[in-house]
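Keeping the supplied structure of chain A fixed, place chain B upon it in accordance with the hints.
Number of protein chains: 2
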Amino acid sequence: MPTARKTTAYRPSMTSAGLPPTHSVDALDQEGGLLHTRIAGEYPLTIYVDGREVVTLMTLGTYPETLALGFLRNQRLIQDIEEIASVDVNWSEESVHIATRHGKGIADWEEKMAHRSVTSGCGQGTVFSCVLDKLYEVRLPRATVDRSTIYGLVKAVAGENEIYKAAGAVHGCALCRGEEILLFVEDVGRHNAADTISGRMWLDRISGNDKIFYTTGRLTSEIVMKIAHMGIPVLLSRSGVTHMGLELARDLGITMIARAKGKQFIVYSGGENIDFGG
Amino acid sequence: MPTARKTTAYRPSMTSAGLPPTHSVDALDQEGGLLHTRIAGEYPLTIYVDGREVVTLMTLGTYPETLALGFLRNQRLIQDIEEIASVDVNWSEESVHIATRHGKGIADWEEKMAHRSVTSGCGQGTVFSCVLDKLYEVRLPRATVDRSTIYGLVKAVAGENEIYKAAGAVHGCALCRGEEILLFVEDVGRHNAADTISGRMWLDRISGNDKIFYTTGRLTSEIVMKIAHMGIPVLLSRSGVTHMGLELARDLGITMIARAKGKQFIVYSGGENIDFGG
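Chains as they are written, first to last, in our numbering: chain A, 1 to 278; chain B, 1 to 278.
Isolated chain A (complex conformation):
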C-alpha cells in the first residue's frame, strides 16, 4: 500500500509491525501429487484503547496499525486523529494498544458498549449504535462518473490483487481518484480492508469527496455505512448488492455501481450521475 500523500500534519507515534501476507504450505493436488502452494495469513488482533479492550479482529496482519485506527474511526469511537498519542502493535500478545493524548479512553464507553449491536453474516463484527446515530448527519457531494472511468478502474484493479492471486481467501478494496488507484488493500475480511483505507485517509488527511471506493466484495448495509462515513460518494464493486445496502445508498445519495467485470456493470443507485457517453 503506497502512502498516497506526504503530510506534515500531526501523526501519532506508531509501530510498523506488518506481517508477511502469505505462508508457504505443502498440499496435495487432485492427482495426489505434492503441491507447494501459498495461503493467506489470519491472526487475531485485539484493540485496546487506554488499556480497555474494544474488539478482536481477525486479520491478514499486513497493516495492523492503520487497521486499528480505521476501525476506531469508522465505528465513530474516536472523533479526531489528533486525540491519539500512539499505536503500539505487539503480535506476541496479539494486541494493539492505542493511547489517547488525554488518557481518558473512549468517551461514553459504557453507553456505547451497552447499545452495541453485534452483527454477523456480512463480514463484520460490530456496529456501535453511535455509527447509526451519526449516519444521517453525513452529507456527500454530488459526483459525476464517466463510463470510461469505470472501465479504466475495473481494468486497473485487476493488476493490484497480488495476495488474492498468490493465495486466494482475501478481498481487495481500493481508494481511487478517477482512474488512478491511490491505495489498494487486501485482507481476509473486506471490512478490514475498508477500515485500513479509512485509517490511512485519517493519517494522511485524505478527503473522500473526490474519490471512488472499489471493492471485490458485496455491497451490504455495513460496507455502505463505512463508505458514507469516509465521505466517499461513489461505490464500485465486482460483486452484487443487498437490498438494505441499496436502500442506504439511495437514502444517502451514494452512487452505487456493482457487478462490474470487463465491459459490464449495473448502476443500482445514482444513475443520473453517470455519463454513459464519457
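It is worth saying that the hints were derived from the structure and are not from the lab. The structure displayed is predicted, hence computed values, not measured ones. For each residue, glycine too, the CB sits at the ideal point set by N, CA and C. Do not rely on the hints blindly, as some may be mistaken.
[What the hints assert, rightly or not] Under 7 Å between C-beta atoms, here's a sample of chain A residues computed to sit facing chain B:
no., residue
1, R218
2, V241
3, Y268
[Unchecked claim] Under the rule of at most 27 Å between Cα atoms (straight-line distance), these lysine-lysine pairs were calculated in the DSS-like manner:
no., chain 1, residue 1, chain 2, residue 2
4, A, K155, A, K263
5, A, K165, B, K112
6, A, K165, A, K263
7, B, K112, A, K112
8, A, K155, B, K261
9, B, K263, A, K165
10, B, K155, A, K165
11, A, K263, B, K112
12, B, K112, A, K261
13, A, K155, B, K165
14, A, K165, A, K261
15, B, K104, A, K165
16, B, K261, A, K263
17, B, K104, B, K165
18, A, K261, B, K261
19, B, K165, A, K261
20, B, K165, B, K155
21, B, K263, A, K261
22, A, K261, A, K155
Then chain B, alone, in the frame of chain A:
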C-alpha cells in the same frame, strides 16, 4: 431447503416466518438502459433468549427460526434442543424470541458475555469463549473420501445456488452425504448459512459424522470451528483457506479440501483420507 429426515423426536414450537430471498429492482446497465433485475434481501434479526438480547445477525431471512437455533448451538450457548420451548420470529420487530423450557435463559450468561471475543473480518460476529473452551473436546471420526465423490459434489452443488444465480451477494453451504446434497442454504453471510444447517441438524437429530460440509466461502478459523462443533469430519470449499483455518483443521483432524472447481481441487489437510483412485 428440504427437510432431510422425518423425525418424531421433540421439537420446539416454531413460527414459519421465512421471507422471500430476492427483491425486484430497477437499475441501469452499462449503456444506460433500464434493467429489471433482482437483488438479495438483508435484514437485521435480533435474537432474544428468555427476554434477554443475545446478538443481532444480518440475514437473508429465509430460515430465521433454524438460523437462530443454529447460532445458539454453534456458539454453545444452549446445549440441547430439548431445552427450547419455542422459537417466535416477529419481523415487524426484527426479532426472534426463544423461550427455554426452564425459563432461566442461557446458563452463566454474564460470564459468557464478559469473555466474549467480538471478531470481524471473516464474516462472523461473535465467538463466545465457551466455543474455544469446548473445541478441543471434539472428537471427529476418520472418514475416507473418494475423488469421484468430490467431483460429483462439485457438479451437484452447481445446480443448487438459485439465489446466487438470481441476485448474487450470497454464499451457499451444503450438508452432503457422499454425492447426495441433503441440505443447501444460501445467506448474505456464509456463517448464517452454516448456522442454519446446524439448526436443521439439531432439530432433525442429524449426525455430522458421515457427512461432508460444502461451502462457496473461504475456510477461515471461524468456519472450521463451526464445522468441528457440528461433528463433520470433511470440509470442501470452492474458495481458499487461511493459515489459521488450516492449523485448526490439522489439529482437529478435519479433512480440508479447497479451491474445488470443475476437475481441480487442493487437499490442504487429511490427504491420507482421500482415495485418489476412487
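Y268/A as an interface hint toward chain B, with CB separation required under 7 Å: 5 Å, holds
Agreement of K155/A and K165/B with the hint, judged by alpha carbon distance not exceeding 27 Å: 24 Å, holds
Straight-line alpha-carbon gap K165/A to K263/A, limit 27 Å: Roughly 21 Å separates the two Cα atoms, so the pair holds.
Pair hint outcome, K112/B versus K261/A [Cα-Cα no greater than 27 Å]: Violated. K112/B to K261/A sits at ~44 Å, over the 27 Å cutoff.
Holds or violated: K261/B to K263/A, with C-alpha atoms at most 27 Å apart: 25 Å, holds
Agreement of K263/B and K261/A with the hint, judged by alpha carbon distance not exceeding 27 Å: Within the cut-off at roughly 25 Å; holds.
Hinted pair K165/B and K155/B, Cα distance within 27 Å: OK: K165/B and K155/B at ~15 Å, within 27 Å.
Given hint K263/A paired with K155/A - CA-CA distance at most 27 Å: Cα-Cα ~9 Å, so holds.
Hint check, R218/A versus chain B [nearest Cβ-Cβ separation less than 7 Å]: Because about 4 Å separates R218/A from the closest Cβ in chain B, which is inside the 7 Å limit, the hint holds.
Distance restraint between K104/B and K165/B, which requires alpha-carbon spacing of 27 Å or less: 43 Å, violated
Satisfaction of hint between K165/A and K263/B, Cα-Cα up to 27 Å: Holds. K263/B to K165/A sits at ~20 Å (cutoff 27 Å).
Holds or violated: K261/A to K155/A, with C-alpha atoms at most 27 Å apart: 9 Å, holds
In summary, the numbered hints that this structure violates are 5, 11, 12, 15, 17.
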